[in-house]
Structures are given as structure tokens and as C-alpha cells.
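Between the sequences and the hints, there should be enough to build the whole structure, so can you do that?
Chains as they are written, first to last, in the working numbering: chain G, -7 to 867; chain F, 966 to 1076.
These aren't lab readings, by the way, just hints derived from the structure by calculation.
Backbone N, C-alpha and C fix where the C-beta goes; we use that ideal spot for every residue, glycine too.
Keep in mind that a hint or two might mislead.
Said to hold, decoys possible - Just the calculated beta-carbon pair ranges, DEER-fashion:
| id | chain 1 | residue 1 | chain 2 | residue 2 | range |
| --- | --- | --- | --- | --- | --- |
| 1 | G | G63 | F | K1055 | 21 to 29 angstroms |
| 2 | G | S114 | F | G989 | 56 to 64 angstroms |
| 3 | F | A1059 | G | Q44 | 16 to 24 angstroms |
| 4 | G | W74 | F | K1055 | 18 to 26 angstroms |
| 5 | G | L449 | F | V1058 | 42 to 50 angstroms |
| 6 | F | A1059 | G | W74 | 26 to 34 angstroms |
| 7 | G | V62 | F | V1058 | 30 to 38 angstroms |
| 8 | F | G989 | G | G63 | 19 to 27 angstroms |
| 9 | G | W74 | F | V1058 | 20 to 28 angstroms |
| 10 | G | R857 | F | K1055 | 54 to 62 angstroms |
| 11 | F | V1068 | G | R81 | 42 to 50 angstroms |
To be verified - Derived lysine to aspartate or glutamate pairs resembling EDC-like cross-links, with alpha carbons at most 20 angstroms apart:
| id | chain 1 | residue 1 | chain 2 | residue 2 |
| --- | --- | --- | --- | --- |
| 12 | G | K647 | G | D716 |
| 13 | G | K48 | F | E1057 |
| 14 | F | K1025 | G | E68 |
| 15 | G | K153 | G | E305 |
| 16 | G | K48 | F | E1011 |
| 17 | G | K5 | F | E1031 |
| 18 | G | K5 | F | E1023 |
| 19 | G | K240 | G | D716 |
| 20 | G | K647 | G | D612 |
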Amino acid sequence: MRGFFLRPKVEDKVRDELEFHVQMRSRELIAQGMTPERARDEALRRLGDAEQLGSKLRSLGTGRERRNRVGQWLTEVRQDLWFALRTLRRMPAVTGVVIGSLALGIGGTTTMFTVVSGVLLSELPFPNADRLAVIQEIVPTEVPRWELAYPTFADLRERSKSFDRLEAYLPNSVNFTDGEETVPLSVVMVTEGFFSLLGGTAAQGRILAAADGAPTAPAVVVISHRLWRSRFGSDPKVIGRVIQLDDKPVVVVGVAAPAFRFPDETVDLWVPLGPPQPWMLNRAVHVMHPVGRLAAGRSLAAAGRELALLGAELQQANPGTDPGHSIVAAELRASIVGNVRPTLFVLLGAVALVLLIVAVNIGGVLLTSAISRQSEVAVRSALGAGSGRLVRQFLTESAVLALGGGILGVALAVIGVRWLVHALPPDIPRASAIVVNGPVLIFALATTMLTGLLFGLVPAWRGVSTSAETLLHSSGARVTDGRRQRRLRQGLVVAQLVVAQVLLVSAALMLISFHRLQQVDLGFDPDRLLTMTVSLPRTRYSVERTVAFYEQLPDRLRQVPGVLAVSASSTLPVSGGEARGDLNIEGRTFPAGRTPAVTFRRVLPNYFRTLGVPLVEGRDFTPADRGAGDLVIMINQSMAKRFWPNGTAVGSRIKVGPLENNPWLTVIGVIGDVRNISVDSDPDPSTYEPLAQRPRGTMNLLIRTSGDPMALASAVRRILRSEDAGLPVYNIGAMTDRVSGSIGPRRFNTVLLTVFGALAVVVAVIGMWGLTTHSIVERRREFGVRLALGAAPRALLFDILGGTARLAGLGLVGGLAGAWLATGWLDRLLFGTQRTDVGALLAASAVLAGLALVVALVPARTATRVDPMRVLREE
Amino acid sequence: MARPGADLLQGTLETLVLKTLTWGPRHGYAIARWLEGTTEDALVIEEGSLYPALYRMERKGWIEAEWGMSELGRRAKFYQLTGAGRARLKDEVAAWRRFSGAVGRVLEARG
Chain G
-7 MRGFFLRPKV
3 EDKVRDELEF
13 HVQMRSRELI
23 AQGMTPERAR
33 DEALRRLGDA
43 EQLGSKLRSL
53 GTGRERRNRV
63 GQWLTEVRQD
73 LWFALRTLRR
83 MPAVTGVVIG
93 SLALGIGGTT
103 TMFTVVSGVL
113 LSELPFPNAD
123 RLAVIQEIVP
133 TEVPRWELAY
143 PTFADLRERS
153 KSFDRLEAYL
163 PNSVNFTDGE
173 ETVPLSVVMV
183 TEGFFSLLGG
193 TAAQGRILAA
203 ADGAPTAPAV
213 VVISHRLWRS
223 RFGSDPKVIG
233 RVIQLDDKPV
243 VVVGVAAPAF
253 RFPDETVDLW
263 VPLGPPQPWM
273 LNRAVHVMHP
283 VGRLAAGRSL
293 AAAGRELALL
303 GAELQQANPG
313 TDPGHSIVAA
323 ELRASIVGNV
333 RPTLFVLLGA
343 VALVLLIVAV
353 NIGGVLLTSA
363 ISRQSEVAVR
373 SALGAGSGRL
383 VRQFLTESAV
393 LALGGGILGV
403 ALAVIGVRWL
413 VHALPPDIPR
423 ASAIVVNGPV
433 LIFALATTML
443 TGLLFGLVPA
453 WRGVSTSAET
463 LLHSSGARVT
473 DGRRQRRLRQ
483 GLVVAQLVVA
493 QVLLVSAALM
503 LISFHRLQQV
513 DLGFDPDRLL
523 TMTVSLPRTR
533 YSVERTVAFY
543 EQLPDRLRQV
553 PGVLAVSASS
563 TLPVSGGEAR
573 GDLNIEGRTF
583 PAGRTPAVTF
593 RRVLPNYFRT
603 LGVPLVEGRD
613 FTPADRGAGD
623 LVIMINQSMA
633 KRFWPNGTAV
643 GSRIKVGPLE
653 NNPWLTVIGV
663 IGDVRNISVD
673 SDPDPSTYEP
683 LAQRPRGTMN
693 LLIRTSGDPM
703 ALASAVRRIL
713 RSEDAGLPVY
723 NIGAMTDRVS
733 GSIGPRRFNT
743 VLLTVFGALA
753 VVVAVIGMWG
763 LTTHSIVERR
773 REFGVRLALG
783 AAPRALLFDI
793 LGGTARLAGL
803 GLVGGLAGAW
813 LATGWLDRLL
823 FGTQRTDVGA
833 LLAASAVLAG
843 LALVVALVPA
853 RTATRVDPMR
863 VLREE
Chain F
966 MARPGADLLQ
976 GTLETLVLKT
986 LTWGPRHGYA
996 IARWLEGTTE
1006 DALVIEEGSL
1016 YPALYRMERK
1026 GWIEAEWGMS
1036 ELGRRAKFYQ
1046 LTGAGRARLK
1056 DEVAAWRRFS
1066 GAVGRVLEAR
1076 G
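Below, the structure written as C-alpha cells:
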């Protein structure tokens, strides 16, 4: 086939070459006086046997053609490369700017992709991870996803056919006593098949076995690799050691493999769940996290349908519990990373836009340099370089630039990833999976090549589309830029402004959100507030002792100089972790399935005074509210407004919580709203009970100080230890740090988007500056003539600025439209503002338009100071 | 073809062509004309052997060809030196100098 196609081509070439020779020779002979006929005969004669020569050349040529096709191609590539390097060395400024900005763009994009790849795309480290699903209950309340009650889990395990394995775990915390010190550890209670379902193996010792859950079995624990290293100093003889958990001896039987960190990276211990404890048997106590493997041939959707049916059956069989709940299945992956997916994609999209701007800008820069190289191109094409060859030459240059930028970019990404993993807010799961690996490098390479192609094609197409003759006939050095070319460059600049505007609007919206967030009224005063958690071991602290301990604690701690007030609460403000219960109001019934849930917490009497929360109505707790006589409760303003819109809540009797035997509690007062869950979630209906009425061992202390709260931390700790040397005291910190921690993820998003927006603006403005400067240089002659003819410099200035303003205007209009489309993705990340925020749109437009005009002003002013005589003489 | 000395002749022609191309790309006819002019017709270049020599040299990678425009605006095949060709020429020139020097010394030697 190949020979068939090649032969005629070689034949033509041989014939053309010999024909050229004969004609040239004839010409010469004619000039010496021969007749044309004789001259041609003589020329042919001198070649010898033309027929034989032709066939000889053909055979030589064919062999060469075949063999050298690849060789020639490689030679050309080598030539192109060499030529590209030489060309780029000749313009170090352009090369530097291009490679530098590319490195930033590709580095940023690769860094974000590394995060996305690690968190969202990489394989979960479990066998058949794509077949694993979690089961949840959907509840029509503010926090819609709940755990399952143990009996519900047991029923599903028995009856569901969608899962061939169904296990569950229950996260908890436990006090670990290590010599003098007691620290809380995160423990996960697991069903017997948990490890094998998730592929958990032991680095040492063994994993948990089914027999470990038997009621008579000795207490055993598997410790995480992380804990083994941090707490046990990588002790090789840890297996068989007896450790104290909640003051009970437990035998360490295994250290988990380093990669096994389920359900999340913070897990310290796994213990067998064993037979359910009595409190778990209540169908209204939602504590179990089921994980299952879909049976062969079952889809997630089919499993979901089966669970919905089973859920309905269970409800009928157990009337009165959990009306309105439904049971659903979700991908394990989605349950782990579902929340951060939109955020990460927004960030990746934003940085990709920055890269796009960079590429467009480089396209503009190369286009300008291509224009100044027109004469070179014309000469080359006159020398016989085909347009394909020229395009390849330009693309080779772009590829060299892209590759340079790509390599630097990957280096930046390696640094960037290291930085980002530290800066990531804690709500991003799977941080340990964020590494620069094969897929990331492939992504970087693909991005690099695509970018190179993107910015290389424009000048390449532009470079060869100018015909050689026109250029050679024009004066060569001063080739003027055609209308079409100017349009093209203007288009590129407008495109940059559009994208920059999109990013700038996004950044502005994020900044406004963040500003609003910082102005949020938390409902209490977070300044000079020291917080820490104290956990009284149940084995040593009876209910009476617990109450006594906490009741006398404020007086003891106030002995520390600088302590103004002391209180305690079961959960801290802005710290999530709300306990919720169904609300019942005496004398009212809520429609089935519409029972509202409210949060509840237990506090020491002076809680509101310590925090600075105003009492709105009724009375505050007193030390006398201790469970004797009327049981009391306080509620927040949101709750009072929602359930007693027209009257007073004070005096009403309510129940909070799932248990039917909960007593009725009398509302004695209404206090102001506090942002209990986080800074960015509105206060929801909340209740407060006195600790003495419903005691609890683990409490968070709140200590109002006169100065820096952290300065008193060790003194407070010393007093606590003097009460009880083995007391676990942890989570020591200032409330202001908790508040900023609560907005950490938003700060992270805001910072990144602002950085991307700023980068985009800088690049776009540089592009604008380049265009203006270049077009002014080109129009020097025109300006000179106009000045010579008496035009006012001011008129020229307005002319130039007018052109800039027109482009900026186009860019802004396009950018606003683009921002409208793009910020739809941003909605979730906004707080207290909308994507239609006029302020953000105006601010972004003003910044961009202002910068565009300023960068145009400088070269424009020099243009108007042109000396007309000199310019005209130059020509 | 198997004429004695043909190899030497052929090698010489190739060396001459390489030398011709050191001043830049030329087409076949220009190479022939230049050789004729420079040797003042003392060496008669067989035109019939010039083109096969060019093709063979191209095959060996000493020269490469590109189609372009001749000075009269006609399409012509231009040959130019490659790096390998340049190196080859250097070797040949050195060898020729050694050879001619030796022959010269012999011929001018006195008994």
C-alpha cells in the first residue's frame, strides 16, 4: 500500500528535478546561440541515458523516501526544537513572563487537582469500595440525617436482601489513663464483621474476632497505628499489655495497619460492640452507623427501594416510634466526601479559570511577537517552508514554553500541596490521600499540552495566514498590523477581562460573605473566655459526687487571680455537636411525623451571666433548681417565638427527648439566642436544663477572665488536678479561637478565591497593558502626523483611552454575564449575600475598569508626547 | 559500473559536491554549473553521475533536500549540508591533503 502511494510521488519529484535541470541547461545553451530545439537535445544528451538515469534515481529515491520518512520527521523536530530554543533565547523577557505565568497557572491547577484527586477521586482504601454503602434515616428536621436505632439495625440485618454483609459501628469517647495522666480517646465500638468487611488488617497482633463480643469474653481493644506511635512510642511489645479505659482494664490484642483509619483519621481505638446494652434497645435512640456491602447484582437504587419498604414495615410493627422517618442508603464515598465536593470543584474551577486567562494572555504575547517576526516567517516561507512546517515551528515553540511552564508548575504544585495539606480546614476528609502521584502528573502533563496548544494555535495560524508576497513587498521591518489581527488581539484581551471579572465577582462575593460572617452577632461575648473539657470517670464519680464536684467548682476556680466568672455546659457554643430531642408541649399535639426537634444542653446556674447572654423574660436558674419539686427548663428566644408566637412561654410545661417517661419541665425563663452550632448557622430552638437536675460527668468549663484567657490555663488546670490528680482535662482553648475555627473552612475558601481573583486581575491587566503599548507603538506614525497637523495631545489621549474603555466595557459586560452563570456554583459558599449583590458586581467592575484605564494611561501619555518631526523622519 | 577507479572517482565527486554546498543550499543544476566553472572544465563532471551521487549522499544523510523557489521563480530541489555532511567533508579534505601531499612529495623527490 505504502509503495503504491509513494511511487508516483517519487516519480514526479525525479521528473521535476531532471526537467528543471534540462530547462536551465537549455536556457544557457540558447544564450550561447543555439536554437531552442538543439539546445534541449544537447541538454538531454549531456544527462546521458535519461530513461536509465530516471529509473536509477527513482529506485534510490524510493528507498530513501521510505526509510527516511521517520528519520526526516525526527530531523525536522530536532531542527524545530533547536530553532525554538534559539528564538526563545533571543527574547528572554517574553520567555520569562510566559514560563513564569504558566508555572503559576499550572502549579495552582495541579495543586487543586491533587486535592480533588486525593479527596474525591482516589480509590477508598477498602475492598470493593464501590459496593459499600451506608444506611441512614432521613428525618424531617433541621438536621435531616440521623443514625439508626440498634433494634432497627438488627431488623435490617436480618431482613434486608440487598446487602450480603451488614455491619455497624458506634463512635464514642473513652478516658485512657496513662500513669498520672488521663486523656480522652476516640473509640469506635464495632460489630463482629466490621474489620473483614472494610478490609482492616493488623500490623501487629490480630484484629477483633467474633468471640471478642461474647458477654463473658475478656475486654480487648485494637489500637490505631497513629495511637501506637504517639502514645505507646511504637512499643514492639504492646500486644498483651493491659491498659486502663474508663478505669477498667482492657487487653491490647492488635495494632491496626497504618492505612486502616475507619471511620475517619481521628480514630484511636476499636472495641467489640458485643451484645447491645439495655439503653440501646430503645427504638428512639439513634446511635448506630450501619455499613454494608451490596449483594451481587443489587444496585444502590434497588437497595434504597428495599430499605424504604422495610422501614415502612418496621414503623407499622412499632407504632409511635419515629413517625415520618425514612431509611435510605448512600454510597460510602458520598457519605465521606459529599459535603466538600461542591467546594473543591468550585476551587478547582476557579484556578482553572486563572490558567485559562494565563493561556489567553500568553496567546496574546506570542501573537505580538509573531507579528514582529512576520518578516522572518515570510522569508522562511519564500525559501520553501510549507505552511504546515511553519505551523509546526510555532507549535514547537509553544510546546517548549508549555513544557518549561509545566515542569516549573509541577514543582510549584509539590510545594503548594505540602502547604495546602497543612492549611486545609479540618472539615475536609481524607487529607492523607492528598499526594502528587501518577494520575496527578498525567493531569499536569495533559493540562500543559492543552494549554500549549491553546496559546500556540493562535499565533501559529496568524503567522502563516499572512501571504509571503505582501510581506516581502512591504518594507519588512515596519510591517503594520492589519485590522483583522488587531481585532484578534483585542478579542483575546476582552476574553481575559471576562474571565477576570468572573473570578473577581466571585472573590468579592466571598469577601462580603466573610465580612458578614465576622459581623454576626453570636449572642454572647467570646472575648476573654477560657474553655476546657473535664470528664469525671463514672467509676469514681457517683451522680451525687458529680453534682457536688461541679457545684463547688466555680468557687474554687474564682480563687485564681484574674478569673471573673465560671460556669459549665454540656456543649460549648459555636462548636456543633448538638444533642436533639423531640419536643412535646403540654396540651398540644403535633401532626404525625411533624414533631419538632429542639436541642438540649445542661448548664451550671450562672451560665448565661458568664457568657453575657441577656435574660429576655422570666427568671434565670438559681442553685435551688436541683431536681426537687418542680423540674425547670429555660428556652431561647427563637423557640419562644416559634412555639408561643402570641403569648408567653414562661409557665408552660414541655418535654424534650425521645423517652416517654421523661418528666414534664416547666419553662421558667427565656434567654437570648446564641449561635450554638456554628457561626454561620442561624440559632435554632434550644433548651437549657440545670446540671443538678440531670447530672452528667463530662462538662465544658467556661471561665471569664480579666486578661488573656490562655494565661490562666495552667493555673486552672492545677486547681482541677489538686481536686483529683487523675482527672482528664482537655480541649483547653480560648473561645475566640473556637469562633475563628468555626469559620475556618470559609476563611480557607475566601482566601483561595481571593488569591485566584487577584491573580486573574493581574494577568488580565498585564494583557491589557501589553495590547495598549503595542498598538501605541504601531500608531506612532499616525500620532506623529496628527500632532503635526495640529491635533491636541489631549485628543489623542482620549482617542487611546476611548479604545481601552470600549474593550474594558465589552469585557465587563461579558464578565457580568459570565459571573451570573458561574456564581450559581457559588451559592452554597455564600453567607448573608447573594450572587446578585449589586455592591459586589459594582466593586468588581470598578476595580477592573479602573485598572484597565490606569494601565492604558501611562503608555498613552508617552504617545502624546511624541515629537512629530522625529517620527516622520524615521520613516 | 565496475570500472576500476570508479569508487575513487565517485568519492571525489561527492567531496566536491559537499564543498560546493558549504556556501549554502543549491539545486542540482547550480552545483553542476559551479563545478564546471570552478574547475574551469578541467574536470568534466558527468551530469549523468551527478544526480545519482546527490541521491546517494542524501541517503547517507550527508545532505538534505528541500523544495523551494529558484532565483527565476521556478520550483527546484535545493540540497544543503547536514552536520554529518560537514564532518564528512572535513575528513575528506584532511585525507585529500595527506594524499596529495604524499603524492607531491613522491613526484618531487630527487633520486
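### Query
What hints, given by number in increasing order, does this structure fail?
Hint check: 3, 12 and 13 fail, others pass.
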